[in-house]
Amino acid sequence: MIRIAINALHTFPSACARRAAIAASEVASGAVPAHLQDGIPDADGVLVDEVLVDHRSISIRTVQVGPAREPDVRPYFWLRLEYDDVVEFTGQQSGWSYSYDQYETPQLVVSMDDQYPDSEPVDRDFIRTVSAWAQSFGIEQSLASHATEAGAGGVR
Amino acid sequence: MHVSDLMKFPAACAQAAARAVQQVLAGKVPEVLLPASDPNRQYIDDIEITGGSVRVTAYSPCYTWHGNAPTCTVTATGDTVTSFHGLTTSGYRYCYDSASGRIDIWRDGDTAYGDLGSRRFVPEVAAWAQAIGVEPSLSIIETLQAAARELDESKGGA
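Protein chains in written order, with our numbering: chain F, 1 to 156; chain L, 157 to 314.
Here chain L stands alone, though its shape is the one from the complex:
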């Protein structure tokens, strides 16, 4: 997966971190390193550059209902994303690594697997994964299947 692919991931912190990685690859240290006063704006918390590898962590200056700040950490070697993981504003955690080639999603603080209950974020991630050839986890597949069943039932009931 290329860093530019992550720019299309449906989480603002992931996009902000990917943008920062691109800046580093272009030879610029991202300017935003302080929590922004704008609650809708993500900020870069820290950057680590070691040899050919770049790791960037972005945060959003707001909190999920669990009290955690939405975030994303991206690690890239050159233009290739080796891993990224984070938490969305809506309380979903996500994780990808190039070794497995799979993206996983779960609800923050929840150990249950299966339908995640998301009818927007998870389907968006599934579409993103399909577009770039990333394998979705079982929980993503089961969420899509549950959403499809609901759609069928609503059509049947109409």
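Here chain F stands alone, though its shape is the one from the complex:
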């Protein structure tokens, strides 16, 4: 089983993931992430909107907000850590949904986001960037992800 340290998410191609990684480190060091206290997003529009801590795990949810963003298209990232290791994460970004669950199927699964509105442009580079990220950390990708990646050039 691959061990994914929280630092790995600092290079994940999503501002929400990077903010979640920072927030997780803050919580692990005993600090409540700042944007939960004042309720406003930081400069790049990412808000930490949920933190759960128990004796075994830390869960963080971040969301990218902005005046032009409808709730349906807001990128988000949800992360669960157990004893400093990333065991689960899920998110949506630029027309894509992705997930990873170390216990269920330790693979990165990426698919087209069914809820993404046709009026919003899909970031075709995202799946290639996330694929490269997964490869650099030795994380296996699902067959569906590979097929999606292969077909990404022609989407929408």
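Simulated from the structure, these hints should not be mistaken for lab results.
Just to be clear, a hint being listed does not mean it is correct.
As a list, the in silico SDA-like pairs of lysine to any residue whose alpha-carbon atoms are at most 25 angstroms apart [stated by the list, open to error]:
id, chain 1, residue 1, chain 2, residue 2
1, L, LYS184, F, ASP85
2, L, LYS184, F, ARG56
3, L, LYS164, L, LEU300
4, L, LYS184, F, ASP49
5, L, LYS164, L, GLY208
Negatives, chain F to chain L, calculated, CB over 12 angstroms [claimed, not checked]:
id, residue
6, MET1
7, PRO13
8, ASP54
9, HIS55
10, ARG74
11, TYR103
12, PRO106
13, GLN115
14, PRO121
15, GLN141
16, LEU143
17, ALA144
18, THR148
Derived CB-CB ranges, DEER-like [to be verified]:
id, chain 1, residue 1, chain 2, residue 2, range
19, F, PRO121, L, THR206, 26 to 34 angstroms
20, F, GLY66, L, ASP253, 29 to 37 angstroms
21, L, THR267, F, ASP54, 29 to 37 angstroms
22, F, THR90, L, LEU181, 27 to 35 angstroms
23, L, GLY265, F, THR90, 34 to 42 angstroms
24, L, THR206, F, TYR83, 18 to 26 angstroms
All C-beta atoms in this analysis are idealised placements derived from N, C-alpha and C, irrespective of residue type, glycine included.
Given the coordinates of chain F, work out where chain L should sit on it, guided by the hints.
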């Protein structure tokens, strides 16, 4: 009700949970997140922070005679307690929510209402509620009345 008011509630888990909420409000994640080896010490089991709301659950590492662990869950929005509920070591369950503004107490596993039989915990809760303007439930009032009658009878018999 403010979180600081809950610090005076006569149940150790409620005080521990309130203390943890205060820490979160001050920007610190409470350190104690594991069952303590000390059977007299309460521990924080989980914390949930969502926007302006904080929910903390504390447990005591011992058991009531019903086999349940004493506990308390507090939910606060900012410095205002929106609800709390729990179980004492002596086997009394308690519940408060800001919508009703009332605190209720009952014996764990007991459906009967009226005098709860407590001559210490319930009167302490009644005094706490009165001090901060929280409405006591009928069972609390009836317990106080029963305690007062017993006191009168003991004085009369003396």
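Exercise for the section: Given the range 29 to 37 angstroms, decide if the beta-carbon distance of GLY66(F) to ASP253(L) lies inside it. Expected result: holds (35 angstroms)
Handout entry: Interface-negative label, GLN115(F) against chain L, beta-carbon threshold 12 angstroms
Key = holds (22 angstroms)
Practice task
Could you check the hint for me, namely that THR206(L) and TYR83(F) are 18 to 26 angstroms apart, CB to CB?
Solution key: Check passed, 23 angstroms falls within 18 to 26 angstroms.
Handout entry: Claimed clearance of chain L by ARG74(F), with the beta carbon kept past 12 angstroms
Key = holds (15 angstroms)
Exercise for the section: Could you grab the alpha-carbon distance between LYS184(L) and ASP49(F) and see if it respects the 25 angstroms cut-off? Expected result: Holds: LYS184(L) and ASP49(F) sit about 16 angstroms apart, inside 25 angstroms.
Handout entry: Least C-beta distance from TYR103(F) to chain L larger than 12 angstroms
Key = holds (20 angstroms)
Problem - Claimed clearance of chain L by MET1(F), with the beta carbon kept past 12 angstroms - result: Given that every Cβ of chain L is farther than 12 angstroms from that of MET1(F), nearest at about 24 angstroms, it holds.
Exercise for the section: For the pair supplied as a hint, LYS164(L) and GLY208(L), confirm whether the alpha-carbon distance does not exceed 25 angstroms. Expected result: holds (23 angstroms)
Problem - THR267(L) paired with ASP54(F), Cβ distance criterion 29 to 37 angstroms - result: Because 32 angstroms falls inside the window, the suggested range holds.
Handout entry: Pair hint LYS184(L) and ARG56(F), alpha-carbon separation not exceeding 25 angstroms
Key = holds (18 angstroms)
Problem - Non-interface label on HIS55(F), tested against every C-beta of chain L at 12 angstroms - result: Answer for HIS55(F): violated, closest chain L Cβ roughly 5 angstroms.
Practice task
Say whether it holds or is violated: PRO13(F) keeps its Cβ farther than 12 angstroms from all Cβ of chain L.
Solution key: holds (26 angstroms)
Checked against the numbered hints listed earlier, the structure breaks hints 8, 9; every other hint is satisfied.
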